[in-house]
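Peer 1: Chains as they are written, first to last, in numbering that gives the first Met the number 0: chain A, 0 to 141; chain B, 0 to 303.
Since the hints were derived computationally from the structure, they do not count as laboratory data. You may find that some hints are simply not true.
What the hints assert, rightly or not - With a straight-line Cα cutoff of 16 Å, these simulated EDC-like cross-link-like pairs (lysine to aspartate or glutamate) come out:
id, chain 1, residue 1, chain 2, residue 2
1, A, Lys72, A, Asp19
2, A, Lys72, A, Glu5
3, B, Lys34, A, Glu10
4, B, Lys78, B, Glu114
5, A, Lys44, A, Glu10
6, A, Lys44, B, Asp225
7, A, Lys72, B, Glu213
8, B, Lys78, B, Asp158
9, B, Lys186, B, Asp174
10, A, Lys130, A, Glu85
11, A, Lys44, B, Glu213
12, B, Lys77, B, Glu213
Now for the letters of each chain:
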Amino acid sequence: MPMQCEIVTQERLIFSGEVDMVVVDGQEGRLGILPHHTPLLTTLKIGELVVRANRGEQRYAIGGGVLEVRPDKVTVLADVAEASDEIDLNRALEAKARAEKLLTEGIKVTSHPEEYANLTNALLRANVRLKIARRRQGGFEG
Amino acid sequence: MAGNEREMRLRIRSVKNISQVTRALESVSAARVRKAQQAVVASRAYAGRAFEVLQYLSKQPGKVSALHPLLAARDEVKKIQIILLTSDRGLAGAYNTNVVRTALQFARQQSQPVEWLTLGRKGRDLLYRVGAKIAADFETFRGSPAFTDVTPLARQALDDFISGRVDEVYVAYTDYINAVKQVPQVKRILPLSLELTEQVNAENVSEKAGLAREYVFEPSASALLDTILPRFTQVTLYQCVLESLASEHSARMVAMRNATENAKDLIVGLRLAYNKSRQLNITSDLLDIVGGVEALAKSTQQNG
Numbered sequence: 000m001p002m003q004c005e006i007v008t009q010e011r012l013i014f015s016g017e018v019d020m021v022v023v024d025g026q027e028g029r030l031g032i033l034p035h036h037t038p039l040l041t042t043l044k045i046g047e048l049v050v051r052a053n054r055g056e057q058r059y060a061i062g063g064g065v066l067e068v069r070p071d072k073v074t075v076l077a078d079v080a081e082a083s084d085e086i087d088l089n090r091a092l093e094a095k096a097r098a099e100k101l102l103t104e105g106i107k108v109t110s111h112p113e114e115y116a117n118l119t120n121a122l123l124r125a126n127v128r129l130k131i132a133r134r135r136q137g138g139f140e141g
Numbered sequence: 000m001a002g003n004e005r006e007m008r009l010r011i012r013s014v015k016n017i018s019q020v021t022r023a024l025e026s027v028s029a030a031r032v033r034k035a036q037q038a039v040v041a042s043r044a045y046a047g048r049a050f051e052v053l054q055y056l057s058k059q060p061g062k063v064s065a066l067h068p069l070l071a072a073r074d075e076v077k078k079i080q081i082i083l084l085t086s087d088r089g090l091a092g093a094y095n096t097n098v099v100r101t102a103l104q105f106a107r108q109q110s111q112p113v114e115w116l117t118l119g120r121k122g123r124d125l126l127y128r129v130g131a132k133i134a135a136d137f138e139t140f141r142g143s144p145a146f147t148d149v150t151p152l153a154r155q156a157l158d159d160f161i162s163g164r165v166d167e168v169y170v171a172y173t174d175y176i177n178a179v180k181q182v183p184q185v186k187r188i189l190p191l192s193l194e195l196t197e198q199v200n201a202e203n204v205s206e207k208a209g210l211a212r213e214y215v216f217e218p219s220a221s222a223l224l225d226t227i228l229p230r231f232t233q234v235t236l237y238q239c240v241l242e243s244l245a246s247e248h249s250a251r252m253v254a255m256r257n258a259t260e261n262a263k264d265l266i267v268g269l270r271l272a273y274n275k276s277r278q279l280n281i282t283s284d285l286l287d288i289v290g291g292v293e294a295l296a297k298s299t300q301q302n303g
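Here chain B stands alone, though its shape is the one from the complex:
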């Protein structure tokens, strides 16, 4: 009986430790969600301004697609590239599986062959398991990513697209809606489309009307597009990375909160059982003593 109680004490202690760890993870994640969200908002300023200029340039005489190879949709799409954004670490509920499932579903719907670029170990491993063709895997970043951290990834996608190795590039990421809702999405980033995108909010383009009618170009419109387009592509990608990061941490936060609550319930149950068994022991000990005393009293009476 006593051994059992010791075991229970140990178990209560270990569950308590676990709940402390999960609670700590929860608050760390909460802080990271906020940080990633702030970074998304901060990068919208650039995306918005760059988009204004792009839209203006695209209204120059001549066909939009003829302006720059990054804007030109290919007549025949022979190969598709998908950039899959997942996390390195688990313990984030269904975050990784959801985005991978959405991406794979999308890939199956395509008639063309698909190749993958992966950022995040979980996504890479899941793709390996289903035998998908991974062209390159990229390292994730520690802490909050800087813009230059996504350069290698953006570079690879841009090079593959320009060289004609792939004809369309998509990114599969998780859009952060709010603390309890994150939606996995697949979005085309190349060729660039000049439709209003979600990243470029209406508020940021509201000054579009303020664009002057005639600009002087130095050195030329195409040189300007050469400068802006790759950066704009990378900003879009950067925002997807940040959205995914916010989603990851948010998913982890919820998962950890659930874990903490489960641990609490477990502790309540264990403690109840432990106290019961302790009381039972005391009662039986008391019964023994009282019984002993009574037996002793009886025997002295008989003797005396």
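So here's chain A without its partners, still in its complex pose:
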């Protein structure tokens, strides 16, 4: 029995439809959600989200957010969500190089904790994008 899944960002509805399974990087670890999952609210890490339906799957790069699970419905409130085929590989590569350069070039955790965190996050996001883009597979929506 499939369940409903919705992925929304602040800007738009990314995905809405019936799915068989959702795999997502939660704050406390990776979660695989099947129908009739126990109700759950959790924050998401920067990571990958996989939606399986009709023997196909679609991958998304998620930039953190909140996940709400009900027995018949999964809602993802994501800060950023990009389907694997929307990811711009070159841009991700550039972002990665930029973040790495700045991180090695002396922005220290101690002097600029916030900036350091931002950069680490940027690097994480770029890495997730790259990983997903490289594993690019056909989406299940044809």
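Use these hints to put chain B onto chain A, whose structure you have.
Peer 2: This is chain B only, laid out in the frame that chain A set:
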């Protein structure tokens, strides 16, 4: 006489050019209104879902205001912050003056001192003129704003509120009702209230009943609120920015349509005057010639 006609021709041409420009501006604005409206509708999905979760969390045992500082109303309001959303460019009828007037009226009704955050040059300039205290001015965006474009503004408001520098934050924006009606409004965004707001339409919260009774929280309810609340605040602000943008372009569209129509009327009048004067010239030229010919004929008759 001839010089006058030349002047009139030039004038007709320049008015025609103006009407072309205003017509172009009108259609550009029309497209932007549509875009901004679509963006508002698109962002409602997130606002609606986030609101559902918020409402649920607020029903957890314990006082709502104790859950998170962003939800707590302060006992004593010592200072108020107003975010004023206007445009950089004019030529939009009374759009900017209306929202500034509403905001200033609101500020005067408050007994507490008010400080301003401005987005948009027109609003900032008008506030300077009345000597209001502007804490920070933010740059407007080119084209249609992305969610992250309002981050600096939202960040500033959130920081000021959390640090206790201000005790309430309002946003003064222009609500887009339809193409001819835009209403300037002042709305409180901090502390957040969990009453149904207009941004979160009933349709989007209709599934509220579907929320499960018991959730497992990972890592904790307060960590979840920490994640959702600032984003929800920013979405609210983002929607206000988009509504204002739709209103701005709609106001400009109407202003430009009026300008185009005025130009058309002007051209009709000018052309009539021009043709009259041209005909008058021709008639008088003809009269001269006919008169000349007749005079010539008379003189040859007398001579012959």
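Peer 1: Each hint needs a verdict: does it hold in this structure or not?
Peer 2: Structure-based check of each hint:
1. Lys72(A) <-> Asp19(A): holds, 11 Å
2. Lys72(A) <-> Glu5(A): It holds: about 8 Å lies between the C-alpha atoms, which stays within 16 Å.
3. Lys34(B) <-> Glu10(A): Judged against 16 Å, a Cα distance of about 13 Å means the pair holds.
4. Lys78(B) <-> Glu114(B): holds, 8 Å
5. Lys44(A) <-> Glu10(A): violated, 19 Å
6. Lys44(A) <-> Asp225(B): Holds. Lys44(A) to Asp225(B) sits at ~14 Å (cutoff 16 Å).
7. Lys72(A) <-> Glu213(B): With a Cα-Cα distance of about 15 Å, the restraint between Lys72(A) and Glu213(B) holds, given a limit of 16 Å.
8. Lys78(B) <-> Asp158(B): holds, 14 Å
9. Lys186(B) <-> Asp174(B): Holds, because 11 Å separates the two Cα atoms, which is no more than 16 Å.
10. Lys130(A) <-> Glu85(A): holds, 13 Å
11. Lys44(A) <-> Glu213(B): The hint is violated at about 23 Å.
12. Lys77(B) <-> Glu213(B): The given pair, whose Cα atoms are some 39 Å apart, is violated under the 16 Å limit.
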